[in-house]
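Put chain V on the given structure of chain S with help from the hints.
Protein chains: 2
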Amino acid sequence: MKKALAIDIGGTKIYNCIVDEKGQIVSDVEKRNTPESFADIKSTLENIVKSYENDVDVIAIATCGAVNNENSGIIGSTGNIAKEYPTMDFQGLSSKKVFVENDANCAAWAEHIIGASKGYAHSVMLTLGTGVGGGIIIDNKILKGKSGAAGEMHFKMRTDKHRKCTCKSWDCFEAYASGNGLKDTARELLKNPDLTSYDVIDGVNRNDRELTRAFQRWEDDIKDGIIGLANIFDPDCIVLSGSMAEFVDTDYLTDEVNSQIVTTPTKVLKGQAGNYSGMIGAALLALGINS
Amino acid sequence: MKKALAIDIGGTKIYNCIVDEKGQIVSDVEKRNTPESFADIKSTLENIVKSYENDVDVIAIATCGAVNNENSGIIGSTGNIAKEYPTMDFQGLSSKKVFVENDANCAAWAEHIIGASKGYAHSVMLTLGTGVGGGIIIDNKILKGKSGAAGEMHFKMRTDKHRKCTCKSWDCFEAYASGNGLKDTARELLKNPDLTSYDVIDGVNRNDRELTRAFQRWEDDIKDGIIGLANIFDPDCIVLSGSMAEFVDTDYLTDEVNSQIVTTPTKVLKGQAGNYSGMIGAALLALGINS
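Residue numbers (the working numbering), protein chains in the order written: chain S, 1 to 291; chain V, 1 to 291.
Looking at chain S on its own, in the form it has when it is part of the complex (with noise of 0.2 Å):
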């Protein structure tokens, strides 16, 4: 069977290990601190490699980031990781195959073939994090647009800039739906700017009213920002992972979704190919495995 090294390169992160073609991790999973200098995160990269390049067929990298739609490198800029990476030569790491995707593609692609919307064409992943991620399946396709930077979550819940956003314009769905998004929304609600995401998942575990309310605030934002996206994908599913995903009533969502939307019902599920599913959907998709 054919084996990928599959490397998840995030801003604070660098994960690595071996899968297979069905999809399983086939060795340890390794991680370390993702180097602050783009110099140590090549040579960081470098070194995985050369220790692993030998047992498998190809590279597949998961990382932060639009990719090109040739797979081979980052257009534009990525926020929190360092500002030259952009220029990374991931080719230039291995004589074998170097194969790279955007982290949240990867990890829709994982759900896609292993997960929660195996068999169905068209599917919406979110991942709920820090901040949110989106990866778009339509027609066993991702949706990769003009230049290879679509499915960002960016669309506005209010036009009153009311919220600034990571991508330093206002109010985008990431800035409401995101771990960060729920604190901020409990710090505005309960006026308290001391308040954490672990606070209010605590508060809600304590039955907590004024913090059970936020989070409350926080499952329908993500729930009105899943109704525009069902009426623009009409989705088989919308498929639901991150950190977060795991406090969210999908039931409640998708009733909701559905008694709101014009197109067809849909589902909003939890995403079932776990938390290295960035690092295999990599190597499904660098080892060309498409259902």
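Treat the hints with caution; some may be incorrect.
Note: identical chains are not told apart, hence a pair may lie in one copy or across any two.
Unchecked claim - Subject to a maximum C-alpha distance of 25 Å in a straight line, what follows is the list of computed BS3-like cross-link-like pairs (lysine-lysine): (1) K161 - K267; (2) K168 - K267; (3) K31 - K141; (4) K191 - K2; (5) K267 - K118; (6) K3 - K96; (7) K161 - K191; (8) K118 - K183; (9) K42 - K83; (10) K97 - K22; (11) K22 - K183; (12) K13 - K97; (13) K3 - K161; (14) K13 - K267.
Note that these hints are calculated values from the structure, not bench results.
Coordinates of chain V only, in the frame set by chain S:
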């Protein structure tokens, strides 16, 4: 050259004409009021088809409502047309092939083949009329979704249940970016329940300060919606067509959108396929014209 009998079935009017495979209208355009009863709609269509089917190769229908992925019929309800209309047996109208597609998708296809988005693989078309229609082209194909209903421009502009939308949900893009949206925005801002969208356009032409402010709010709502669509689709261009599009400053929108998106630069353009782009697009699709 092959020709199609093209029919545009809307909630208020039914148009028909003959279109060739270059997208040229080669007959007079006939116009009728849409009958109230389903029986009368059906007999109107039967009469049109009987009159022209011998002169053409195929029947091409652009219709209100979502059309299935087989391009044979309507799925679900369609708002302001006889409630039995979704049961229409379109193929039953003729022994020749009857091809059916949603009117906004048809208009998007006309722009894609002979209009503003010609030569671009990825585009989003918005028809700004009484309501807002949407047609999305991805990789030179119309985005249909799992059952054909994709491209509905019902994503939220705010989440505080401020303005009811025609879809019965709240605060959709359509409720702000449409002609009716302009009217409602002006009525709200000027606290005058008698204003029409014509009054606003007239006021802009007279440099009326308050009405111009209402117009600019409307234009900025369109801008904010486009920002989301550009981040989701990374399109080559966004095409604005429909009766309200002529009033919009597309250079302003292009600059503002590009200053706020996280994807790659795009263009906001006015449609060029004309008032009958629905029929032209239906004909091109029915005749299999892909480029």
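How the hints compare with the structure:
{"no.": "1", "hint": "K161 - K267", "in the structure": "between (31 Å within a copy, 24 Å between copies)"}
{"no.": "2", "hint": "K168 - K267", "in the structure": "between (32 Å within a copy, 20 Å between copies)"}
{"no.": "3", "hint": "K31 - K141", "in the structure": "neither (30 Å within a copy, 41 Å between copies)"}
{"no.": "4", "hint": "K191 - K2", "in the structure": "neither (55 Å within a copy, 68 Å between copies)"}
{"no.": "5", "hint": "K267 - K118", "in the structure": "within (13 Å within a copy, 35 Å between copies)"}
{"no.": "6", "hint": "K3 - K96", "in the structure": "within (12 Å within a copy, 53 Å between copies)"}
{"no.": "7", "hint": "K161 - K191", "in the structure": "both (19 Å within a copy, 23 Å between copies)"}
{"no.": "8", "hint": "K118 - K183", "in the structure": "neither (32 Å within a copy, 45 Å between copies)"}
{"no.": "9", "hint": "K42 - K83", "in the structure": "within (13 Å within a copy, 63 Å between copies)"}
{"no.": "10", "hint": "K97 - K22", "in the structure": "within (19 Å within a copy, 44 Å between copies)"}
{"no.": "11", "hint": "K22 - K183", "in the structure": "neither (38 Å within a copy, 56 Å between copies)"}
{"no.": "12", "hint": "K13 - K97", "in the structure": "within (23 Å within a copy, 57 Å between copies)"}
{"no.": "13", "hint": "K3 - K161", "in the structure": "neither (48 Å within a copy, 51 Å between copies)"}
{"no.": "14", "hint": "K13 - K267", "in the structure": "neither (32 Å within a copy, 36 Å between copies)"}
Of the numbered hints listed earlier, those contradicted by the structure are 3, 4, 8, 11, 13, 14.
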